[in-house]
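Residue numbers (my numbering), protein chains in the order written: chain A, 1 to 106; chain L, 1 to 176; chain Y, 1 to 384.
Keep in mind the hints are simulated off the structure, nothing from the lab. Careful, some of the hints might be misleading.
[What the hints assert, rightly or not] Computed list of lysine-lysine pairs in DSSO-like fashion (alpha-carbon distance at most 30 Å, straight line):
id, chain 1, residue 1, chain 2, residue 2
1, Y, K14, A, K92
2, A, K32, Y, K77
3, Y, K77, Y, K67
4, A, K99, A, K32
5, Y, K77, Y, K156
6, L, K132, Y, K194
7, Y, K14, L, K165
8, L, K141, A, K92
9, L, K132, Y, K210
10, Y, K210, Y, K194
11, L, K132, A, K32
12, A, K32, Y, K156
13, Y, K77, Y, K63
14, Y, K194, Y, K14
15, Y, K111, Y, K14
16, A, K32, A, K92
17, Y, K63, Y, K156
18, L, K97, A, K99
19, Y, K67, Y, K156
20, L, K165, A, K99
21, A, K32, L, K165
Every value quoted in this text rests on a predicted model; they were computed, and no experiment measured them.
Chain by chain, the residues:
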Amino acid sequence: MPNIMNSIALNHFIILASILFCIGMLGVLIRKNVVVMLMSIELMLNAVNLIFVAFSRYYGDASGQVIVFFVMAIAAAEAAIGLAIIMAVFRKFRGVEIKLFENLKG
Amino acid sequence: MLELFPLTFYAISAAMILSALGVILMASPIFSALCLAATMTLLAAMFFMLEAYFVAAIQLTVYAGAVVVLFVIVLMIFDLKKEKQSFSGNWAINIAKIGISVASFLILAVPLGYVLARANPGWLQDRAPVSKDLALSLFGKYLFTFEIVGALLLVVLIGSVTLAKSKGGTHAEHHE
Amino acid sequence: MGQDVFEITINIVKIILIFLMMIQMVPLLVWLERRGSAFMQNRLGPNRVGPLGLMQLLADAVKFIFKEDFVPQYATKFLYLAAPVVALIPAALAFAAIPLSTPIHIEAFTKWGQSWGPYTIPMQSVYMNVGIIYVLAVSSLGVYGLLLAGWSSGNKYSLLGALRASAQMVSYELALGLAIVGVLLVYGTFDLNKMVELQSGPLSFAFMGKEFVISWLPQWGIFYQPVGFILFTVVAFAESNRLPFDLPEAEGELVVGYHTEYGGFKLLLFFMGEYGHMMVSSALIATFYLGGYQIPGLTVADVTNFFTSQVGAGTLASILTALVFLISFSVKVAFFLWVFIWVRWTLPRFRYDTLMDLGWRTLLPWTIGNVIVTALILFIAGQS
């Protein structure tokens with residue numbers, strides 16, 4: 001059985017995760033649609049998960065994977081709340097652009 | 001002997017970066033969501049390769065099977081087929097934003113990669129954590145955090161139902 | 001994948017064969033469904049083409065393939081064409097992990113001027129030690145095919161059907177996972193092969209340090225998880241979107257739901273996905289609760305010894321053993337497929353709110369209770 005640790009260095013995972021994280025960040029910066037921005041945030045969280053799992057494998061410790069569970073729970077919570085807020089905004093303004101959120105008060 | 005791991009790693013990485021770019025570049029939000037689902041699935045494959053089977057399964061069921069489905073359903077209810085203008089600002093500002101992203105990539109990846117390349121490899125351990133380690137960790141060391149996350153999810157449940165309910169309230173009881 | 005050319009070839013052929021076997025079951029099941037429903041409703045069903053109407057399958061297939069291939073005007077074309085394939089893939093992927101029979105041992109032999117080492121070929125597409133997790137993960141992707149089909153058709157009935165389908169599948173996914181947890185607690189392994197091996201021989205267990213053996217019952221999961229068996233079967237029905245859980249395609253309300261706008265070969269792909277789901281569910285029920293390919297009263301060693309005494313030890317005995325157990329597994333799967341059809345033509349459809357009620361307020365608490373009770377009993381049984 002070939003071993004992943006001997007054939008791929010940990011740096012590769014870090015570079016891949018960094019690329020994903022920056023793509024997600026770019027998405028948050030350049031898109032106007034709030035739903036797509038939320039998706040980009042999910043992308044960033046996933047990049048972090050990849051680093052956690054890679055380190056947990058290379059370090060031989062389960063803690064990294066446990067943190068990934070927590071991140072997933074938080075991400076699901078964030079998506080649910082975020083989408084509920086977007087639904088409320090959509091009902092009021094018939095649109096999902098980030099500009100509409102300027103009108104929220106109090 | 002074929003070098004299987006590097007080959008799969010690079011193939012999955014390339015596909016993952018492409019689909020991640022698809023998430024932020026697709027004009028139609030539904031296609032963005034589908035690209036996100038593809039990214040999640042590929043990430044699960046990567047976790048499978050890292051012998052984190054349990055995390056891979058949770059990644060597929062929770063992310064690809066529930067969170068992204070939630071996105072897709074919300075987008076379907078909005079029925080936004082194509083946006084007139086997907087990207088904000090003028091092009092100079094957008095190029096500046098791309099520059100910021102590239103810079104942050106360099107800030108993130110280069111020092112970590114450099115430090116790791118120079119680091120003493122003594123802390124590396126060739127022992128994939130199995131599900132038993134995971135369970136002992138989750139219900140031992142991290143039990144309190146686990147409970148707090150459970151409480152958080154309950155709060156989120158109540159909060160999102162309250163937010164999503166229509167303001168009229170007359171037919172709200174029917175709905176849930 | 002394998003060590004040398006021979007093993008890789010065998011494995012690829014095996015994967016293709018198992019996939020084709022699954023696809024070939026679909027027309028047979030359609031025939032069984034039509035004849036079976038006719039039998040239950042006191043009519044004849046299709047009996048004109050060929051003996052017992054069996055050639056009807058071929059006629060149907062030809063009809064499906066030669067239908068006009070159209071795309072509705074308001075459809076999103078790419079997704080509209082992709083959705084039927086996406087609906088078929090999860091079922092096909094999940095079926096790959098199910099052990100169909102005992103592994104075949106091929107003895108070392110010499111051919112083509114080279115000696116080929118002894119091989120052990122497991123009788124499943126992909127051998128993996130985390131089979132259950134894989135099946136659970138892959139089947140959660142099944143919802144995409146329906147969602148895409150419903151949205152891309154550009155038809156409000158399709159969209160409503162898809163929304164219902166996805167809500168139903170996501171809700172029942174929870175109960176499905178929890179029902180499987182009970183099974184996992186009993187066997188203590190993620191490996192479907194090990195699970196089947198554990199179910200051989202007579203019913204025997206240790207409780208409070210004492211050994212119990214009931215020789216007239218097989219060591220099957222159903223005796224350890226009777227409640228889990230019922231819950232899992234109900235959830236499996238809901239996950240495959242069939243009556244009484246076929247709300248997504250309720251004819252009276254939604255025309256035919258998410259595949260309203262589909263016809264011809266694309267509709268056939270949706271049917272293949274649905275029947276594929278049925279097959280995966282039946283195979284999982286058989287593997288978890290009815291001993292997989294095991295035969296009651298016989299162990300794998302018995303059958304192997306019998307064939308060894310008849311044809312001598314070696315590859316042939318191993319193949320014959322695998323064949324016997326493959327037949328045993330097929331019988332169990334066929335029985336559950338028949339139950340699927342039987343229930344479909346017996347029970348009326350749920351109303352949507354009662355369906356959600358069943359999922360969240362009945363099945364979910366019962367599965368959680370099942371897990372807690374199983375864990376408690378296992379804990380008590382472990383004390384001595």
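Results of checking the hints against the structure:
1. Taking the CA atoms of K14 (chain Y) and K92 (chain A), the gap is about 57 Å. The hint is violated against a cut of 30 Å.
2. With a CA separation close to 26 Å, the supplied pair K32 (chain A) and K77 (chain Y) stays within the 30 Å bound.
3. Between the alpha carbons of K77 (chain Y) and K67 (chain Y) the distance comes to roughly 18 Å, so the proposed pair stays at or under 30 Å and holds.
4. Between K99 (chain A) and K32 (chain A), the direct Cα distance comes to roughly 8 Å. Compliance with the 30 Å bound is thereby established for this hinted pair.
5. For the given pair, K77 (chain Y) sits about 17 Å from K156 (chain Y) by alpha-carbon distance, which is consistent with the 30 Å threshold.
6. Taken as a hint, the K132 (chain L) and K194 (chain Y) pair is honoured in the structure, with Cα atoms around 17 Å apart against an allowance of 30 Å.
7. Between K14 (chain Y) and K165 (chain L) the CA atoms are separated by roughly 52 Å; this puts the pair beyond 30 Å, and the hint is violated.
8. Among the hinted pairs, K141 (chain L) with K92 (chain A) is inconsistent with the structure: their alpha-carbon atoms are about 46 Å apart, more than 30 Å.
9. About 27 Å separates the Cα atoms of K132 (chain L) and K210 (chain Y), which keeps this hinted pair within 30 Å; it holds.
10. A distance of roughly 24 Å separates the Cα atoms of K210 (chain Y) and K194 (chain Y); the hinted pair therefore holds under the 30 Å criterion.
11. With a CA separation close to 44 Å, the supplied pair K132 (chain L) and K32 (chain A) exceeds the 30 Å bound.
12. In summary, the hint linking K32 (chain A) to K156 (chain Y) is supported, as the alpha carbons are separated by about 28 Å, within the 30 Å threshold.
13. Distance hint between K77 (chain Y) and K63 (chain Y) is fulfilled; the C-alpha atoms sit about 24 Å from each other, no more than 30 Å.
14. At roughly 21 Å between alpha-carbon atoms, K194 (chain Y) and K14 (chain Y) fall within 30 Å of each other, so this suggested pair holds.
15. Note on K111 (chain Y) and K14 (chain Y): the hinted pairing holds, with a Cα-Cα distance of about 21 Å set against a maximum of 30 Å.
16. As the CA atoms of K32 (chain A) and K92 (chain A) are separated by approximately 18 Å, the hinted pair is consistent with the 30 Å bound.
17. This hinted pair checks out: K63 (chain Y) and K156 (chain Y) have alpha carbons roughly 28 Å apart, not beyond 30 Å.
18. Among the hinted pairs, K97 (chain L) with K99 (chain A) is consistent with the structure: their alpha-carbon atoms are about 18 Å apart, no more than 30 Å.
19. The hinted pair formed by K67 (chain Y) and K156 (chain Y) meets the criterion: a straight-line CA distance of about 24 Å does not exceed 30 Å.
20. A hinted pair counts as satisfied when its Cα atoms are at most 30 Å apart, and K165 (chain L) with K99 (chain A) qualifies at roughly 23 Å.
21. Between the alpha carbons of K32 (chain A) and K165 (chain L) the distance comes to roughly 25 Å, so the proposed pair stays at or under 30 Å and holds.
Consistency with the previously given hints fails for numbers 1, 7, 8 and 11, ordered from lowest to highest.
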